[in-house]
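Novice: Given only the sequences and the hints, what does the whole structure look like? Please build it.
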Amino acid sequence: MGFQKILKKMKAKEKEMRILILGLDNAGKTTILKHLNHEDPTTISPTLGFNIKTIVYGDYKLNMWDVGGQKSLRSYWKNYFESTDGIVWVVDSVDTRRLDDCRRELHALIEEERLVGASVLVLANKVDLPGAASLEDIRERLELDNVTTHHWKIVRVSAMTGENVVPAVGWLVNDISQRLFTI
Amino acid sequence: MDVNKNEQRIFEGLELNYIPGDEDDLSMDGSPEKPNYFDLIVGQLEDILIDQRFQQLQQDFLNKYCHEFDDSEENKLSYTGIFEEYVCTIERTIEEKLKLTVPNFDMDWFLMELQKNKGSLDGEVFEMLYTLSDFVAFKSLVLDFKAEKEGRNPDFANAFTVVPLRL
Numbered sequence: 029m030g031f032q033k034i035l036k037k038m039k040a041k042e043k044e045m046r047i048l049i050l051g052l053d054n055a056g057k058t059t060i061l062k063h064l065n066h067e068d069p070t071t072i073s074p075t076l077g078f079n080i081k082t083i084v085y086g087d088y089k090l091n092m093w094d095v096g097g098q099k100s101l102r103s104y105w106k107n108y109f110e111s112t113d114g115i116v117w118v119v120d121s122v123d124t125r126r127l128d129d130c131r132r133e134l135h136a137l138i139e140e141e142r143l144v145g146a147s148v149l150v151l152a153n154k155v156d157l158p159g160a161a162s163l164e165d166i167r168e169r170l171e172l173d174n175v176t177t178h179h180w181k182i183v184r185v186s187a188m189t190g191e192n193v194v195p196a197v198g199w200l201v202n203d204i205s206q207r208l209f210t211i
Numbered sequence: 555m556d557v558n559k560n561e562q563r564i565f566e567g568l569e570l571n572y573i574p575g576d577e578d579d580l581s582m583d584g585s586p587e588k589p590n591y592f593d594l595i596v597g598q599l600e601d602i603l604i605d606q607r608f609q610q611l612q613q614d615f616l617n618k619y620c621h622e623f624d625d626s627e628e629n630k631l632s633y634t635g636i637f638e639e640y641v642c643t644i645e646r647t648i649e650e651k652l653k654l655t656v657p658n659f660d661m662d663w664f665l666m667e668l669q670k671n672k673g674s675l676d677g678e679v680f681e682m683l684y685t686l687s688d689f690v691a692f693k694s695l696v697l698d699f700k701a702e703k704e705g706r707n708p709d710f711a712n713a714f715t716v717v718p719l720r721l
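Protein chains in written order, with this note's numbering: chain A, 29 to 211; chain B, 555 to 721.
Accuracy of the hints is not assured; some may be wrong.
[To be verified] The calculated DSS-like cross-link candidates involving lysine-lysine, where the alpha carbons are at most 30 Å apart (straight line), are:
no., chain 1, residue 1, chain 2, residue 2
1, B, K693, B, K618
2, A, K106, A, K43
3, A, K99, A, K81
4, A, K106, B, K618
5, A, K43, A, K99
6, B, K630, B, K703
7, A, K106, B, K693
8, A, K81, B, K700
9, B, K653, B, K618
10, A, K99, B, K670
11, B, K670, B, K651
12, A, K89, B, K630
13, A, K62, B, K670
14, A, K89, B, K693
15, B, K703, A, K106
16, A, K62, B, K653
17, B, K653, A, K81
18, A, K81, B, K618
19, B, K618, A, K43
20, B, K700, B, K651
21, B, K700, A, K181
22, A, K99, B, K693
23, A, K89, B, K653
24, B, K630, A, K106
25, B, K651, A, K81
26, B, K630, A, K99
27, B, K618, B, K700
28, A, K62, A, K106
[Unchecked claim] Computed far set for chain A versus chain B, every beta-carbon distance over 12 Å:
no., residue
29, K43
30, F78
31, K81
32, Y85
33, D87
34, G96
35, L101
36, E110
37, R132
38, I138
39, H178
40, H179
It is worth saying that the hints were derived from the structure and are not from the lab. From a predicted model like this one, the values you see are computed outputs, not experimental measurements. Built from N, CA and C at the ideal position, the CB exists for glycine as well.
Specialist: Structure below.
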């Protein structure tokens, strides 16, 4: 069955990608999305549901899904896994106390069968704030080097100032496109 | 091909709701044993979608759930389950009806052909099918329905002012 799959395939020809933005609450997922969509990121309240934006990046149309990260909402993430091409995992670099929590949630995602083919972009966010952990610290605490089943990359960004966000997403788009659209 | 024949082809094409020249494409698409099978199904699909019973089914669904939807940017998590139920209900109905009306209906073959011939569906039918694949299209369908139900669609009656005519 049926139409949904076929219409998605039609879209695939139009070079669309489905990207899921996840991470703990207050990591800055919606701010990342707003920045990518050229919207004012200063007036954001905690996401209790989900946001969708379609962003044009070069030749590609990115369908970006940002789902709330509060603990009670995380069990709903699985409803958004289907057909996901890439994951943007947003980390609050200042909230070092919750990095273990963050690691557990990330590794649980990576073991998800429906996300097997997805590329993973880890954004160490809020680097403009004092007390932000270094890239190496976060990489270690999240045990990223143990991830061998997915293409991944970690980048230091600030969603608030926009620093590095667009080039980081560029890596993700490029990685996905090599898998989806070559030959 | 002489002009008359050409005109006739164009006329037939219009009547069947697909662009002239499709016939040639179809016969090249590797189904010479059933050249009109695809057109037959598209015709049936269009009939199903404009059928009052189908429209009623869709209206009932929208009626049942539209109160859950708000016209705000952030979506509630509950929308996702409702969308899934919508897709299942509509797809199941379409497939069941096609099985009844089209001899030897083969969904997989049809979907493959549909992909190759997406221009053969007219705008409205494609728009309807789009609400099955695109959450955002579904959400706007629900919100439009809700606005209409609550009478929030623009009512131009207010734009008229009645004044007595003095002679």
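Novice: Would you mind marking each hint as holding or not holding in the structure?
Specialist: Structure-based check of all given hints:
Taken as a hint, the B/K693 and B/K618 pair is honoured in the structure, with Cα atoms around 14 Å apart against an allowance of 30 Å. Distance check on the hinted pair: A/K106 and A/K43 sit about 24 Å apart at the alpha-carbon level, within 30 Å; holds. Among the hinted pairs, A/K99 with A/K81 is consistent with the structure: their alpha-carbon atoms are about 23 Å apart, no more than 30 Å. Restraint check for A/K106 and B/K618: the C-alpha separation of about 25 Å stays at or below 30 Å, so the hint holds.
Taken as a hint, the A/K43 and A/K99 pair is broken in the structure, with Cα atoms around 34 Å apart against an allowance of 30 Å. About 21 Å separates the Cα atoms of B/K630 and B/K703, which keeps this hinted pair within 30 Å; it holds. Under the criterion of a C-alpha separation no larger than 30 Å, the hint pairing A/K106 with B/K693 is consistent with the structure, at around 20 Å. Annotation: proposed proximity of A/K81 to B/K700 holds, straight-line Cα distance about 23 Å (limit 30 Å).
Distance hint between B/K653 and B/K618 is fulfilled; the C-alpha atoms sit about 27 Å from each other, no more than 30 Å. A distance of roughly 44 Å separates the Cα atoms of A/K99 and B/K670; the hinted pair therefore is violated under the 30 Å criterion. Between B/K670 and B/K651 the alpha-carbon distance is near 22 Å, which keeps this suggested pair within the 30 Å criterion. Distance check on the hinted pair: A/K89 and B/K630 sit about 24 Å apart at the alpha-carbon level, within 30 Å; holds.
Distance check on the hinted pair: A/K62 and B/K670 sit about 36 Å apart at the alpha-carbon level, beyond 30 Å; violated. About 20 Å separates the Cα atoms of A/K89 and B/K693, which keeps this hinted pair within 30 Å; it holds. Only pairs whose Cα atoms come within 30 Å are accepted, and B/K703 paired with A/K106 is rejected, the gap being roughly 33 Å. For the hint pairing A/K62 with B/K653, the CA-to-CA distance comes to about 46 Å; that exceeds 30 Å, so the pair is violated.
A distance of roughly 37 Å separates the Cα atoms of B/K653 and A/K81; the hinted pair therefore is violated under the 30 Å criterion. Only pairs whose Cα atoms come within 30 Å are accepted, and A/K81 paired with B/K618 is accepted, the gap being roughly 27 Å. Pair hint B/K618 plus A/K43 does not hold up; C-alpha atoms about 35 Å apart against a cutoff of 30 Å. Note on B/K700 and B/K651: the hinted pairing holds, with a Cα-Cα distance of about 28 Å set against a maximum of 30 Å.
Of the supplied pair hints, the one linking B/K700 and A/K181 is violated, its CA atoms being roughly 44 Å apart against a limit of 30 Å. Restraint check for A/K99 and B/K693: the C-alpha separation of about 26 Å stays at or below 30 Å, so the hint holds. This hinted pair does not check out: A/K89 and B/K653 have alpha carbons roughly 36 Å apart, beyond 30 Å. Between B/K630 and A/K106 the CA atoms are separated by roughly 15 Å; this keeps the pair inside 30 Å, and the hint holds.
A hinted pair counts as satisfied when its Cα atoms are at most 30 Å apart, and B/K651 with A/K81 does not qualify at roughly 35 Å. Only pairs whose Cα atoms come within 30 Å are accepted, and B/K630 paired with A/K99 is accepted, the gap being roughly 16 Å. The hinted pair formed by B/K618 and B/K700 meets the criterion: a straight-line CA distance of about 11 Å does not exceed 30 Å. With a C-alpha separation of about 23 Å, the suggested pairing of A/K62 with A/K106 holds against the 30 Å cut-off.
Listed as a non-interface residue, A/K43 keeps its Cβ farther than 12 Å from every Cβ of chain B; the least gap is roughly 16 Å. Annotated as non-interface, A/F78 brings its C-beta within 12 Å of a C-beta of chain B; the closest such distance is 5 Å. Annotated as non-interface, A/K81 brings its C-beta within 12 Å of a C-beta of chain B; the closest such distance is 9 Å. Residue placement check: A/Y85 keeps its beta carbon more than 12 Å from all beta carbons of chain B (closest about 18 Å).
Its beta-carbon lying about 20 Å from the closest one in chain B, A/D87 satisfies the requirement of being farther than 12 Å from that chain. A/G96, annotated as away from the interface, has a beta carbon of chain B within 12 Å; the closest lies near 8 Å. The non-interface label for A/L101 is inconsistent with chain B: the shortest C-beta to C-beta separation is roughly 7 Å, within 12 Å. For A/E110, the requirement that its beta carbon stay farther than 12 Å from each beta carbon of chain B is not met, with the minimum near 10 Å.
Every CB of chain B lies more than 12 Å from the CB of A/R132, the least distance being 22 Å, so the non-interface label holds. Interface exclusion of A/I138 from chain B stands, the closest Cβ pair being 22 Å apart, more than 12 Å. Chain B leaves A/H178 outside its interface by the beta-carbon criterion, the shortest separation being 24 Å against a cut-off of 12 Å. The Cβ of A/H179 lies farther than 12 Å from every Cβ of chain B, with a closest approach of about 27 Å, so its non-interface assignment holds.
Of the numbered hints given earlier, the model fails hints 5, 10, 13, 15, 16, 17, 19, 21, 23, 25, 30, 31, 34, 35 and 36; all others are met.
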